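Given chain C, work out where chain D should sit, using these hints.
2 protein chains.
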Amino acid sequence: MFQQITILGPGLLGASIAMAVQERGLAKRVVAWSRRAESRAKCRQQDWCDAVLETPEEAVTGSDLVILCTPVQTIVPLIKQIRPALSETAIVSDVGSTKRVICRDAQNALNGLSATFLGAHPMAGSELTGMEHAQANLFEHSACILTPVDDTSTKVLTKVSTFWEALGMIVTSESPERHDEIVAHVSHLPHLLASTLCAYLARQDQSWGKLSGGGLRDTTRVASGDPQLWKQILEQNRNEVLSAIDGFEQVLHQLKAALLNKDSAGVIKHLEQGKTYRDQLPTD
Amino acid sequence: MFQQITILGPGLLGASIAMAVQERGLAKRVVAWSRRAESRAKCRQQDWCDAVLETPEEAVTGSDLVILCTPVQTIVPLIKQIRPALSETAIVSDVGSTKRVICRDAQNALNGLSATFLGAHPMAGSELTGMEHAQANLFEHSACILTPVDDTSTKVLTKVSTFWEALGMIVTSESPERHDEIVAHVSHLPHLLASTLCAYLARQDQSWGKLSGGGLRDTTRVASGDPQLWKQILEQNRNEVLSAIDGFEQVLHQLKAALLNKDSAGVIKHLEQGKTYRDQLPTD
Numbered sequence: 001m002f003q004q005i006t007i008l009g010p011g012l013l014g015a016s017i018a019m020a021v022q023e024r025g026l027a028k029r030v031v032a033w034s035r036r037a038e039s040r041a042k043c044r045q046q047d048w049c050d051a052v053l054e055t056p057e058e059a060v061t062g063s064d065l066v067i068l069c070t071p072v073q074t075i076v077p078l079i080k081q082i083r084p085a086l087s088e089t090a091i092v093s094d095v096g097s098t099k100r101v102i103c104r105d106a107q108n109a110l111n112g113l114s115a116t117f118l119g120a121h122p123m124a125g126s127e128l129t130g131m132e133h134a135q136a137n138l139f140e141h142s143a144c145i146l147t148p149v150d151d152t153s154t155k156v157l158t159k160v161s162t163f164w165e166a167l168g169m170i171v172t173s174e175s176p177e178r179h180d181e182i183v184a185h186v187s188h189l190p191h192l193l194a195s196t197l198c199a200y201l202a203r204q205d206q207s208w209g210k211l212s213g214g215g216l217r218d219t220t221r222v223a224s225g226d227p228q229l230w231k232q233i234l235e236q237n238r239n240e241v242l243s244a245i246d247g248f249e250q251v252l253h254q255l256k257a258a259l260l261n262k263d264s265a266g267v268i269k270h271l272e273q274g275k276t277y278r279d280q281l282p283t284d
Numbered sequence: 001m002f003q004q005i006t007i008l009g010p011g012l013l014g015a016s017i018a019m020a021v022q023e024r025g026l027a028k029r030v031v032a033w034s035r036r037a038e039s040r041a042k043c044r045q046q047d048w049c050d051a052v053l054e055t056p057e058e059a060v061t062g063s064d065l066v067i068l069c070t071p072v073q074t075i076v077p078l079i080k081q082i083r084p085a086l087s088e089t090a091i092v093s094d095v096g097s098t099k100r101v102i103c104r105d106a107q108n109a110l111n112g113l114s115a116t117f118l119g120a121h122p123m124a125g126s127e128l129t130g131m132e133h134a135q136a137n138l139f140e141h142s143a144c145i146l147t148p149v150d151d152t153s154t155k156v157l158t159k160v161s162t163f164w165e166a167l168g169m170i171v172t173s174e175s176p177e178r179h180d181e182i183v184a185h186v187s188h189l190p191h192l193l194a195s196t197l198c199a200y201l202a203r204q205d206q207s208w209g210k211l212s213g214g215g216l217r218d219t220t221r222v223a224s225g226d227p228q229l230w231k232q233i234l235e236q237n238r239n240e241v242l243s244a245i246d247g248f249e250q251v252l253h254q255l256k257a258a259l260l261n262k263d264s265a266g267v268i269k270h271l272e273q274g275k276t277y278r279d280q281l282p283t284d
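Chains as they are written, first to last, in our numbering: chain C, 1 to 284; chain D, 1 to 284.
Same shape as in the complex, but just chain C:
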């Protein structure tokens, strides 16, 4: 239970956190700040928000948990900005899709303070953005990866872990580097394949799209995600993403070779390996 939680950037994830916190009584007060005046105005009409402040510094004042829900490239600049206003006991966290760069720079940004940063990545959300799509149950049954570093105290790790569990998530801890390797494979690679498939089909006959079925729709759903947000994610995780693409290409080449060489056993083996993996993925 926190006294006051601040959400910086209440979009889909931030507003969903605020809703869930109110619904489950995890904080006495939820305070928000949004960069755009229009968003702040919209925020003021929401019942999941006790106060909306004009600046991030005002918004974090007196909070014991601050969660940054802004695009990944803005997280560290914002931490530098709120640094002077943070409570001594404040825990600063985020929901960013990359962790290595953010955790390293966030720790440096808070150097010398007793306030502490602990990275978090709730694997929830969708191609939709904006608080209008927020829902209190967004996080239920999904994975949340926390990325403690050597300096992270057990107390802070436990508090943040308990928080996400209270939102219904299955919490795991990984190093920031390991996190980035994992999500390069299970999130960033799927995203860029979907996006590349769509970019490729966009260059073919445009009438083909209307002949497609549910397979193409599902396979490419994530390609509707915000290009600006995803550009930042891919760039902050560049090396891991490039390495995941290389690995994927090797397996694709194996399938191509099997098809080309009329190696039916090889094609079947590939498809069976894929099916076995897919069938054991967690369901919704």
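The set of hints was computed from the structure by calculation and includes no laboratory data. Be careful, since some hints might not be right.
One copy or any two copies: either way a pair holds, since identical chains are not told apart in the list.
To be verified - Lysine to any residue pairs mimicking SDA-like chemistry, simulated, CA-CA at most 25 Å apart:
no.: 1; residue 1: LYS80; residue 2: ILE170
no.: 2; residue 1: LYS256; residue 2: ASP246
no.: 3; residue 1: LYS256; residue 2: ARG203
no.: 4; residue 1: LYS210; residue 2: ARG221
no.: 5; residue 1: LYS269; residue 2: GLN206
no.: 6; residue 1: LYS269; residue 2: PRO71
no.: 7; residue 1: LYS269; residue 2: SER207
no.: 8; residue 1: LYS256; residue 2: SER243
no.: 9; residue 1: LYS256; residue 2: LEU242
no.: 10; residue 1: LYS269; residue 2: THR129
no.: 11; residue 1: LYS256; residue 2: ARG217
no.: 12; residue 1: LYS28; residue 2: LYS42
no.: 13; residue 1: LYS42; residue 2: LEU128
no.: 14; residue 1: LYS262; residue 2: GLU249
no.: 15; residue 1: LYS269; residue 2: GLN204
no.: 16; residue 1: LYS42; residue 2: LEU229
no.: 17; residue 1: LYS155; residue 2: ASP246
no.: 18; residue 1: LYS256; residue 2: LEU113
no.: 19; residue 1: LYS159; residue 2: MET1
no.: 20; residue 1: LYS210; residue 2: GLY247
no.: 21; residue 1: LYS210; residue 2: LEU281
no.: 22; residue 1: LYS80; residue 2: LEU53
Note that this is a predicted model, so its numbers are computed, not measured.
This is chain D only, laid out in the frame that chain C set:
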């Protein structure tokens, strides 16, 4: 309106057709045949089936529409088998995911008869198989591609087109070759990318899967499809599929180059092209 429709191979698609035909009163009688005795027994308990015959020849006797819903490699052998039992006026059709090989060989198989073959590919279905997942509304609002050849009469084309429209589908005609090129791109390529992604992830740390979110689940759903069925589809459409993979790889290389060269504008352009394409795909 048909006097009698025969479904050979009442799995997900075949049983769904039968249900829809009964619900919408499109035939006086629906007759089925399944290769396995166990499936025939199950079929006899279904109310969408007026009779279940022991052989395909018996099942097609007296039918004015015969729809083959078996795996693509079995369609032509089955047409050869039922040839002697077909009514003079019978229209033979199918639901196979490839068309060039099937239409050519089916036409040859019926050579000299007044019964005629017209290929059909309803773009409905899912990774699920079997009559237990069938539903009468499976085809509603989805595309159906008919593949007439030079000899196809307008009368047959109109009859088959009207049939699929009565099942709720949006019907288009393409040549068998053009059909295969289109589905190589909008169906077979998405499938093999999903399958390859899963086959690649299967070779990584197995614990990563449980850290994935809805993005990976959606992107890879089709990889749960039956490997035997998909092997046949990929093999029957080998050249078009290989060419689609090549085209996809070129676009993937462009994205890789943009990431590697820190060309943010190039990454954004790629993601935006993908999003624009995805956003205009037909919805469910």
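Against the structure, the hints:
1. LYS80 to ILE170: neither (30 Å within a copy, 56 Å between copies)
2. LYS256 to ASP246: both (15 Å within a copy, 9 Å between copies)
3. LYS256 to ARG203: both (22 Å within a copy, 18 Å between copies)
4. LYS210 to ARG221: Answer is both; intra-copy 15 Å and inter-copy 20 Å each pass.
5. LYS269 to GLN206: between (34 Å within a copy, 18 Å between copies)
6. LYS269 to PRO71: Between copies only: 18 Å across chains, 40 Å inside a chain, cut-off 25 Å.
7. LYS269 to SER207: For LYS269 and SER207, only the inter-copy Cα distance (22 Å) is at most 25 Å; the intra-copy one is 34 Å.
8. LYS256 to SER243: both (20 Å within a copy, 10 Å between copies)
9. LYS256 to LEU242: Both: 21 Å inside a chain and 7 Å across chains, each within 25 Å.
10. LYS269 to THR129: between (39 Å within a copy, 20 Å between copies)
11. LYS256 to ARG217: Cα proximity of LYS256 and ARG217: in one copy and across copies (24 Å, 24 Å).
12. LYS28 to LYS42: within (22 Å within a copy, 59 Å between copies)
13. LYS42 to LEU128: within (18 Å within a copy, 43 Å between copies)
14. LYS262 to GLU249: both (20 Å within a copy, 21 Å between copies)
15. LYS269 to GLN204: Classified as between; 17 Å across copies, 30 Å inside a copy.
16. LYS42 to LEU229: For LYS42 and LEU229, only the intra-copy Cα distance (22 Å) is at most 25 Å; the inter-copy one is 51 Å.
17. LYS155 to ASP246: Neither: 40 Å inside a chain and 52 Å across chains, both beyond 25 Å.
18. LYS256 to LEU113: Neither: 55 Å inside a chain and 40 Å across chains, both beyond 25 Å.
19. LYS159 to MET1: The answer is within: 9 Å in one copy meets 25 Å, while 68 Å across copies does not.
20. LYS210 to GLY247: between (32 Å within a copy, 20 Å between copies)
21. LYS210 to LEU281: between (30 Å within a copy, 7 Å between copies)
22. LYS80 to LEU53: within (18 Å within a copy, 76 Å between copies)
Consistency note: the structure conflicts with the earlier hints numbered 1, 17, 18.
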